[in-house]
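Visitor: Protein chains in written order, with our numbering: chain Y, 549 to 786; chain G, 549 to 786; chain Z, 549 to 786; chain E, 549 to 786.
Treat each hint with caution, since some may be false.
[Claimed, not checked] Restricting the straight-line Cα-Cα distance to at most 27 Å, the calculated cross-link-like pairs of lysine-lysine (DSSO-like) are:
id	chain 1	residue 1	chain 2	residue 2
1	G	K658	E	K634
2	Y	K637	Z	K655
3	Z	K658	Y	K658
4	Z	K699	Z	K567
5	E	K784	Y	K699
6	Y	K637	Z	K637
7	G	K655	E	K637
8	Y	K655	Z	K658
9	E	K655	E	K634
10	Z	K567	Z	K756
11	Z	K699	Z	K564
12	Z	K634	Y	K655
13	Y	K699	Z	K784
14	G	K655	G	K564
15	Y	K634	Z	K658
16	Y	K655	Y	K637
17	Y	K637	Z	K634
18	Y	K658	Z	K637
19	Z	K637	Y	K655
20	E	K658	G	K658
21	E	K634	E	K586
22	G	K634	E	K658
23	E	K756	Y	K784
24	E	K655	G	K655
25	Y	K567	Y	K699
[Claimed, not checked] Heads up, incomplete: computed chain G residues facing chain Z, CB under 8 Å, no partners named:
id	residue
26	I677
27	G684
28	P686
29	A692
30	D693
31	V696
32	L737
33	P771
34	T772
35	I779
Rather than coming from a laboratory, the hints here were simulated on the basis of the structure.
Don't be surprised by glycine CBs; every beta carbon is placed ideally from N, CA and C.
Protein chains: 4
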Amino acid sequence: MPNLRVTVWNEGRHEKSSKEIAALYPQGIHGCIAAFLKDAGGITVRTATLDDPEHGLTDEVLASTDVLTWWGHMAHGDVQDSIVHKVQKRVLAGMGLLVLHSGHFSKIFKALTGTTCDLKWRESDDREILWFTAPGHPILTGLADHIVIPKEEMYGEFFDIPEPDETVMISSFTGGEVFRSCVTFRRGLGRIVYFRPGHESYPTYYQKEVQQVMINAVRYLTPTAHSAAPIFGNRKPI
Amino acid sequence: MPNLRVTVWNEGRHEKSSKEIAALYPQGIHGCIAAFLKDAGGITVRTATLDDPEHGLTDEVLASTDVLTWWGHMAHGDVQDSIVHKVQKRVLAGMGLLVLHSGHFSKIFKALTGTTCDLKWRESDDREILWFTAPGHPILTGLADHIVIPKEEMYGEFFDIPEPDETVMISSFTGGEVFRSCVTFRRGLGRIVYFRPGHESYPTYYQKEVQQVMINAVRYLTPTAHSAAPIFGNRKPI
Amino acid sequence: MPNLRVTVWNEGRHEKSSKEIAALYPQGIHGCIAAFLKDAGGITVRTATLDDPEHGLTDEVLASTDVLTWWGHMAHGDVQDSIVHKVQKRVLAGMGLLVLHSGHFSKIFKALTGTTCDLKWRESDDREILWFTAPGHPILTGLADHIVIPKEEMYGEFFDIPEPDETVMISSFTGGEVFRSCVTFRRGLGRIVYFRPGHESYPTYYQKEVQQVMINAVRYLTPTAHSAAPIFGNRKPI
Amino acid sequence: MPNLRVTVWNEGRHEKSSKEIAALYPQGIHGCIAAFLKDAGGITVRTATLDDPEHGLTDEVLASTDVLTWWGHMAHGDVQDSIVHKVQKRVLAGMGLLVLHSGHFSKIFKALTGTTCDLKWRESDDREILWFTAPGHPILTGLADHIVIPKEEMYGEFFDIPEPDETVMISSFTGGEVFRSCVTFRRGLGRIVYFRPGHESYPTYYQKEVQQVMINAVRYLTPTAHSAAPIFGNRKPI
Numbered sequence: 549m550p551n552l553r554v555t556v557w558n559e560g561r562h563e564k565s566s567k568e569i570a571a572l573y574p575q576g577i578h579g580c581i582a583a584f585l586k587d588a589g590g591i592t593v594r595t596a597t598l599d600d601p602e603h604g605l606t607d608e609v610l611a612s613t614d615v616l617t618w619w620g621h622m623a624h625g626d627v628q629d630s631i632v633h634k635v636q637k638r639v640l641a642g643m644g645l646l647v648l649h650s651g652h653f654s655k656i657f658k659a660l661t662g663t664t665c666d667l668k669w670r671e672s673d674d675r676e677i678l679w680f681t682a683p684g685h686p687i688l689t690g691l692a693d694h695i696v697i698p699k700e701e702m703y704g705e706f707f708d709i710p711e712p713d714e715t716v717m718i719s720s721f722t723g724g725e726v727f728r729s730c731v732t733f734r735r736g737l738g739r740i741v742y743f744r745p746g747h748e749s750y751p752t753y754y755q756k757e758v759q760q761v762m763i764n765a766v767r768y769l770t771p772t773a774h775s776a777a778p779i780f781g782n783r784k785p786i
Numbered sequence: 549m550p551n552l553r554v555t556v557w558n559e560g561r562h563e564k565s566s567k568e569i570a571a572l573y574p575q576g577i578h579g580c581i582a583a584f585l586k587d588a589g590g591i592t593v594r595t596a597t598l599d600d601p602e603h604g605l606t607d608e609v610l611a612s613t614d615v616l617t618w619w620g621h622m623a624h625g626d627v628q629d630s631i632v633h634k635v636q637k638r639v640l641a642g643m644g645l646l647v648l649h650s651g652h653f654s655k656i657f658k659a660l661t662g663t664t665c666d667l668k669w670r671e672s673d674d675r676e677i678l679w680f681t682a683p684g685h686p687i688l689t690g691l692a693d694h695i696v697i698p699k700e701e702m703y704g705e706f707f708d709i710p711e712p713d714e715t716v717m718i719s720s721f722t723g724g725e726v727f728r729s730c731v732t733f734r735r736g737l738g739r740i741v742y743f744r745p746g747h748e749s750y751p752t753y754y755q756k757e758v759q760q761v762m763i764n765a766v767r768y769l770t771p772t773a774h775s776a777a778p779i780f781g782n783r784k785p786i
Numbered sequence: 549m550p551n552l553r554v555t556v557w558n559e560g561r562h563e564k565s566s567k568e569i570a571a572l573y574p575q576g577i578h579g580c581i582a583a584f585l586k587d588a589g590g591i592t593v594r595t596a597t598l599d600d601p602e603h604g605l606t607d608e609v610l611a612s613t614d615v616l617t618w619w620g621h622m623a624h625g626d627v628q629d630s631i632v633h634k635v636q637k638r639v640l641a642g643m644g645l646l647v648l649h650s651g652h653f654s655k656i657f658k659a660l661t662g663t664t665c666d667l668k669w670r671e672s673d674d675r676e677i678l679w680f681t682a683p684g685h686p687i688l689t690g691l692a693d694h695i696v697i698p699k700e701e702m703y704g705e706f707f708d709i710p711e712p713d714e715t716v717m718i719s720s721f722t723g724g725e726v727f728r729s730c731v732t733f734r735r736g737l738g739r740i741v742y743f744r745p746g747h748e749s750y751p752t753y754y755q756k757e758v759q760q761v762m763i764n765a766v767r768y769l770t771p772t773a774h775s776a777a778p779i780f781g782n783r784k785p786i
Numbered sequence: 549m550p551n552l553r554v555t556v557w558n559e560g561r562h563e564k565s566s567k568e569i570a571a572l573y574p575q576g577i578h579g580c581i582a583a584f585l586k587d588a589g590g591i592t593v594r595t596a597t598l599d600d601p602e603h604g605l606t607d608e609v610l611a612s613t614d615v616l617t618w619w620g621h622m623a624h625g626d627v628q629d630s631i632v633h634k635v636q637k638r639v640l641a642g643m644g645l646l647v648l649h650s651g652h653f654s655k656i657f658k659a660l661t662g663t664t665c666d667l668k669w670r671e672s673d674d675r676e677i678l679w680f681t682a683p684g685h686p687i688l689t690g691l692a693d694h695i696v697i698p699k700e701e702m703y704g705e706f707f708d709i710p711e712p713d714e715t716v717m718i719s720s721f722t723g724g725e726v727f728r729s730c731v732t733f734r735r736g737l738g739r740i741v742y743f744r745p746g747h748e749s750y751p752t753y754y755q756k757e758v759q760q761v762m763i764n765a766v767r768y769l770t771p772t773a774h775s776a777a778p779i780f781g782n783r784k785p786i
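Okay, chain Y solo, but in the shape it has when bound (with noise of 0.2 Å):
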């Protein structure tokens, strides 16, 4: 199996503000992410944060990341627009990108999809259950039918967004709402995927099927062997 490089990026300020969360993702968000990306074999890992230099995303780790995961949520507007700007850019030439959970209102995913990216929500430990509408893709490898995580923030549609190129799970919750949960997207040479679980107050990246899908998307998000940049500008005939 080729080395997949994954950096996993965390907002990580939510670890700092708050000893709740820091005592349930002590590493932070992303040490615990990298930590199960490591054990699964085949994919190197790094981690980067919003207060890390250039935000950890300098462009040497841009140049070597096959797959970005994106978690932020209270600090959205801190990010610099010239490294969102970057980071579209390496995504148009071919790397993967995983937002995750609150990032749906990150700047680099609402630039990539040009929508508002709102949607409805409630913290009040509804109990989510991801159900699975493309069996057999490749994000649900070793997974059926439907996933069930006991606490969760609550996400509900309308989700603005444009109509994905493959919805790959929708959730119900215990309110009664629905939401599009896993979701792909093609922009230029790279792929998409946006994975909703994962509010920072509750330990859903602990659960193991939370992190097979995880895991799964990171491998459907490395760019294939042909990354050669395509051909524009002005050109002869044939």
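Keeping the supplied structure of chain Y fixed, place chains G, Z and E upon it in accordance with the hints.
Guide: Relative to the frame of chain Y, chains G, Z and E by itself:
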């Protein structure tokens, strides 16, 4: 507004075999649907049922139908293949098709999707909430955010259909299931809408919001003025 | 037929800097487009250009525009970001947008697609044939099979856009290239059509079939009566 | 790399009725395709033809096939419906299907699309250029920008298929026509690729780039490890 010619097709067997259902729909499910479509204005409505000669779908009827609605359940196998084939041909030539509830298993829907159209189900008085996932879509004209149906049969994912062109509504049910309950497909020059609600033992088709969706859907399904047959076959260069 | 309010936006710089183009479009490209839209009936037309105050796109103008058409080429960078942002917001709230020819590189189109929108090109009097790939689509009303434009600029694939919701036309050019020349996207409550032809040095917008496509497109892009803003934010259970 | 089991199906009648075609493909079209797939590595290849018992597609063969390739032309009507039905069932259960050239009119492709699959055509030594419209797609691995086939049969739009999940290549022909020449669809757990080139009177399947596309396509069509049948039927609440 141009006049729209709708044929409401119903299997019509439950109404004959069950006193309860006959009492709920004394003019048949087709009679109920025909009545509210007529009241909507600008629509000429005919009905046809399985036990009519040629199932009520003669060449003359099909040729003068802009949109066909289809409800069937217990007798899909009794629909003649030759008539299914004629309906399919008319859809590909531009006729709109509104497939309702248990019509998901009809021969005509399976012929147009190419899939099994299978799903999970339960008769247990679930509450259904239909959430809108494509606000601004013509099918949602005059409606806002979601519809609640107090009691309905449950249909659950995985719903084995091709990736829809548009997913307009997604339902949740009391038992925690979800379902893509209003979806559209283009096949040839024709468009297809599948709309989930309408179990025979509930008064669903008397609910105003459900009627509004169906009125909107038949208008949306109207063929455009441009209905010239495409040009196929052996052709000289331009 | 309800009245449709269209604003025809044009950069308007070629007409000022080139005598040839000024001679071809003495009222500007916007003047030519506005004239045939007016003649189509049922459409109220205004024009706006880059060099108008606020580019002619004040809050009042945008708020009373159902469909905006956009032609730009040599001065995309001169369009103020704040106005691009307002136009994007209006599209997401339901306004239709018809992007024309070199408008593929406009800030507004790139903001809504999330991609570079780059392509191949050549100015060499290629003949363009636009083949219809979605017969029955409202944009093709009154037209059949294909359109030939005797001389046009060539645009060739790869066209770096997201997978379109619908591909309505594909062009070939004398030099052997192809291009998805009429495509649709939904973003928020609004719809977008990109239509390729219209290089400033050719009389393309005087050709009847091209005019018919654009008349059809603005009608197709009209927002539905249902334009209620979606409900977002913190919500109680149903 | 896991071993991939491909069955190459060919009608095989042209090779029997025409000396020219027998000379061009002395082992049959299936023999040519089987040979280059074998050479690609990691693929176990079998062949099957129309005139074999059960067309070579016994239950045992189908059950042990990961990807089926299909070439047919003059004898689509001789393929037994019962076998078409079994192939369709296997695709819906996860088997990949690569439909080639005049296979567009095969019973199996029409059953899976629901449309007529009709098109324009001409045998006149047109040059075909296949332009890539989804760079980064696995089917394009190792290839860049476009492929030129010196002489081929022309296929022209409108190609009566559902809107593809992905449009990977679009062709132009000397006569000015265009064609969506590599498209993908998902049906059930299976994926389908249609790839246009391969007229029996030209040496198309000997061209290296064409072979590369087909090698990539069968790899892309491999079912994921997750091939558990979806859960359908009467279900209790979660």
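Visitor: K699 (chain Y) and K784 (chain Z): Cα distance at most 27 Å?
Guide: 16 Å, holds
Visitor: Under 8 Å, Cβ to Cβ, is where T772 (chain G) needs to be relative to chain Z, so tell me if that hint holds or is violated.
Guide: For T772 (chain G), the interface hint holds, since the closest Cβ of chain Z sits about 5 Å away, which is under 8 Å.
Visitor: Would you mind confirming whether the straight-line C-alpha gap from K655 (chain G) to K637 (chain E) stays at or under 27 Å?
Guide: 16 Å, holds
Visitor: Are the Cα atoms of K699 (chain Z) and K567 (chain Z) separated by 27 Å or less?
Guide: 20 Å, holds
Visitor: Between K658 (chain Y) and K637 (chain Z), does the CA-CA distance stay at or below 27 Å?
Guide: 13 Å, holds
Visitor: Can you verify the interface hint for I677 (chain G): is its Cβ closer than 8 Å to any Cβ in chain Z?
Guide: 6 Å, holds
Visitor: Can the hint on A692 (chain G) be confirmed by a CB-to-CB distance to chain Z that is less than 8 Å?
Guide: 5 Å, holds
Visitor: Decide if the proposed pair is consistent with the structure: K658 (chain Z) and K658 (chain Y), CA atoms, cutoff 27 Å inclusive.
Guide: Satisfied, since the Cα-Cα distance of roughly 12 Å is no more than 27 Å.
Visitor: For K699 (chain Z) and K564 (chain Z), compute the direct alpha-carbon distance and say whether it is at most 27 Å.
Guide: 23 Å, holds
Visitor: Given V696 (chain G) as an interface hint, is the shortest Cβ-Cβ distance to chain Z below 8 Å?
Guide: 7 Å, holds
Visitor: Taken at face value, is the distance from the CA of K655 (chain Y) to the CA of K634 (chain Z) at most 27 Å?
Guide: Answer holds: K634 (chain Z) to K655 (chain Y) is near 17 Å, not above 27 Å.
Visitor: Quick one, are K756 (chain E) and K784 (chain Y) close enough, alpha carbons at most 27 Å?
Guide: 24 Å, holds
Violated hints are absent here; each numbered hint is respected by the structure.
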